[in-house]
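We have chain Y already, so just place chain D on it with the hints.
Number of protein chains: 2
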Amino acid sequence: MKAEIIAVGTELLLGQIVNSNAQFLSVELAALGIDVYFQTVVGDNSVRLQEAIEIAKGRADLILFTGGIGPTEDDLTKDALAASLGRGLHIDQLAMNHVDQFFSNRGVPMTENNRKQALVIDDSTPLPNETGLAVGLAISHEDNYYVVLPGPPREMKPMFTQQAKPWLLQHALTDETPLYSKMLKFAGIGESLLEDKLINLIHGQNDPTIAPYAKEGEVTVRISTKAPSDSEAMKKLDALEEQIRTILPENLYASTDVPMEKVIVDWMASTGLTLSCAESCTGGLLMESITSIPGSSSMFMGGIVCYSNEMKQKLLNVPKNYLEGEGAFGAVSREVAEVLAEQVRITAGTDYGLSITGVAGPGSSERKPVGLVYIGIAEKDGKTEVFELKLSGNRENIRIRSVKAILYRLWRRLAEHKADTPL
Amino acid sequence: MKAEIIAVGTELLLGQIVNSNAQFLSVELAALGIDVYFQTVVGDNSVRLQEAIEIAKGRADLILFTGGIGPTEDDLTKDALAASLGRGLHIDQLAMNHVDQFFSNRGVPMTENNRKQALVIDDSTPLPNETGLAVGLAISHEDNYYVVLPGPPREMKPMFTQQAKPWLLQHALTDETPLYSKMLKFAGIGESLLEDKLINLIHGQNDPTIAPYAKEGEVTVRISTKAPSDSEAMKKLDALEEQIRTILPENLYASTDVPMEKVIVDWMASTGLTLSCAESCTGGLLMESITSIPGSSSMFMGGIVCYSNEMKQKLLNVPKNYLEGEGAFGAVSREVAEVLAEQVRITAGTDYGLSITGVAGPGSSERKPVGLVYIGIAEKDGKTEVFELKLSGNRENIRIRSVKAILYRLWRRLAEHKADTPL
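Chains as they are written, first to last, in numbering that gives the first Met the number 0: chain Y, 0 to 422; chain D, 0 to 422.
Any given hint could be a false lead.
Just so you know, same-sequence chains aren't split out, so a pair can sit in one copy or run between any two.
Heads up, simulated SDA-like pairs for lysine to any residue below, C-alpha to C-alpha not over 20 Å straight-line [as the list claims (entries may be wrong)]:
| id | residue 1 | residue 2 |
| --- | --- | --- |
| 1 | K196 | T71 |
| 2 | K313 | I345 |
| 3 | K379 | S269 |
| 4 | K115 | G87 |
| 5 | K156 | V17 |
| 6 | K1 | L88 |
| 7 | K319 | S296 |
| 8 | K156 | I16 |
| 9 | K115 | L388 |
| 10 | K313 | P177 |
Honestly, the hints are just simulated from the structure, not real lab data.
Chain Y extracted, bound-state conformation:
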């Protein structure tokens, strides 16, 4: 099946935002065995949008739209598609209730233009918007399938995964041999080294296929195979996964697309272990990533962002002479990372205590180079480990990579205490 993605929005044509929706959908469609032949971006202009639809009709079986379904006057996607299909539009009552509910919950009066967000094309399947207001839709018309999704990624992604994907599997992909994939997640290893280690495996076979790609600070390998049944596919995928695990046992941390923090949160929660953190240069990013996982409240007690030296002394008992004066180690040091990890663990009374202190940049501090970071792990009745990192990239990269690094080290430490991995 051939697909085209049409992103609607003048902000894309002005370069105010990058078209990350097209990337997300392309990956998802590839995983469904659908070939994306074109991605198109068109502005909030009715005539040009309809031109784009006519072109797409002729060269794609499936056309996905993102954007242009909000409340404002330049949100034109549904109108343009309805016109090009010769169909009408009507208010979807469930969607309208959802919009009304939103405003009454907030105690804010609903302005009239918000009714627009509940519009759907006649005889289409409404796709509920669980993270926003504008309802999406899916429709089969003549030889084409159409899916209309919101522009904001936080609304588009869940609507595709939870609403549009099942609709496609049921209506559009009935006679395709389904493609089954597994996402293998790796930590503590770079893309090129990983590819190097797997190169023989990658070249040695083409079913299942092996596709590595790198995201910010972590590497993912997608293994895929087409098979008539789930069980046949899984047999092939599981076998390959085991081969890869034997090559990289210390790096393969999950065989579903979950972040390391989720593996850690679930593991510690299920085994009754608790965690606390002391962050300097990452300023809360570590704790934010842990608490982004539902269920973290049962294993994460809290922590301290000790951005200033005063906070390091006052709340985490870092000796003043560690931080200041002639020959002091300085805030960015192995010694301070050690104290931070141990003291936050004691203060919070947790099984593990993590610490991060470093120079995120842009400027250097204490005459130490940007990218120098120390991360510490303290453990109840266990030894405290401190690791030195020399990271490259900008402030954001360095902060993210510091967090990835300490999470990886915690995962390794937890694994040492367990014969079998949590996977």
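This is chain D only, laid out in the frame that chain Y set:
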């Protein structure tokens, strides 16, 4: 002048990379007063690429290509364009020398396929590649202008700025007036209400144009005008900005594309004010967003993530009977938000203390609904304010919106102490 950007590369259609080239070029072209009407992505396929070229010819005056000019067999851009223009290709001697030089410098033998990177279309202007090997080109043919650029951003960007842009100004833009824009950023107001307030202004005029759009939790308005000179443009844009400010004085927080946290960090740093935070349900997201801004270390001292009730009692002196027992307020309450803000301010010895406590979900807690959040602002020698929020969306949305809300309230509080805004 109407432009279309055609990005060539199957890796884009597979979602392996995001089309950041289109964003970069769109911004550059807008600044030149060129309207980008379409962005197209097509794979490394000769037939589909030529289809895309024919479509673009009919709807754009200027067509820019990125990608598909490397040494490999799937690099087809120059061949496809040459075919569609009915022209030949030849080796550009300067480009060939550049390629030879590269290999001889490295002492590596040049493989034959690298000669391809020196190819240009007959009677075109070669665009030297200062950061890579593949030569680009610019060409005027019948009613269209064509510019061919490399795919890797580190090659494409300098080639556009140093080679293609001057070519365009000299050959294609002799009679264009440049476009000037301003980004107005709003907080504490939704997209629909904002448009409702500005609707008369939006309808009442088309120069400067007014384009509102919503990002996660905030609204942006771009005002744009074409003018012969910077000063004339700014006069028109500033006048309109003032009109909008009079309508929404409590929501317009910046007239450049900066996040609220940057405005607050810069403001507090420049006035010597300091800040600390106590976070429960947001788990560090507030402090992470503040410390993501370079320079925050001079105004942000740190804070506490008091995820558990024990941490709220131990580190922030929340009375036990506030949290537990018959008729207790509970952790998610106005009273606890107040204590958290005041205690973290005192502990850190800062001018302001912020607090967030709420139910981010997915599950409710203390029999309180998901989305109920209390945010507090404590101020040295000032009164403590607590606001109740009823937010919708998933865990991530609720956490982000809670942070946006407290930042907005802090900005308002800072503004109250200042006759003029920081803008």
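Check your understanding: Honestly, which of those hints from before does the structure not fit?
Key -> Result: hints 6, 9 and 10 break, sorted rising.
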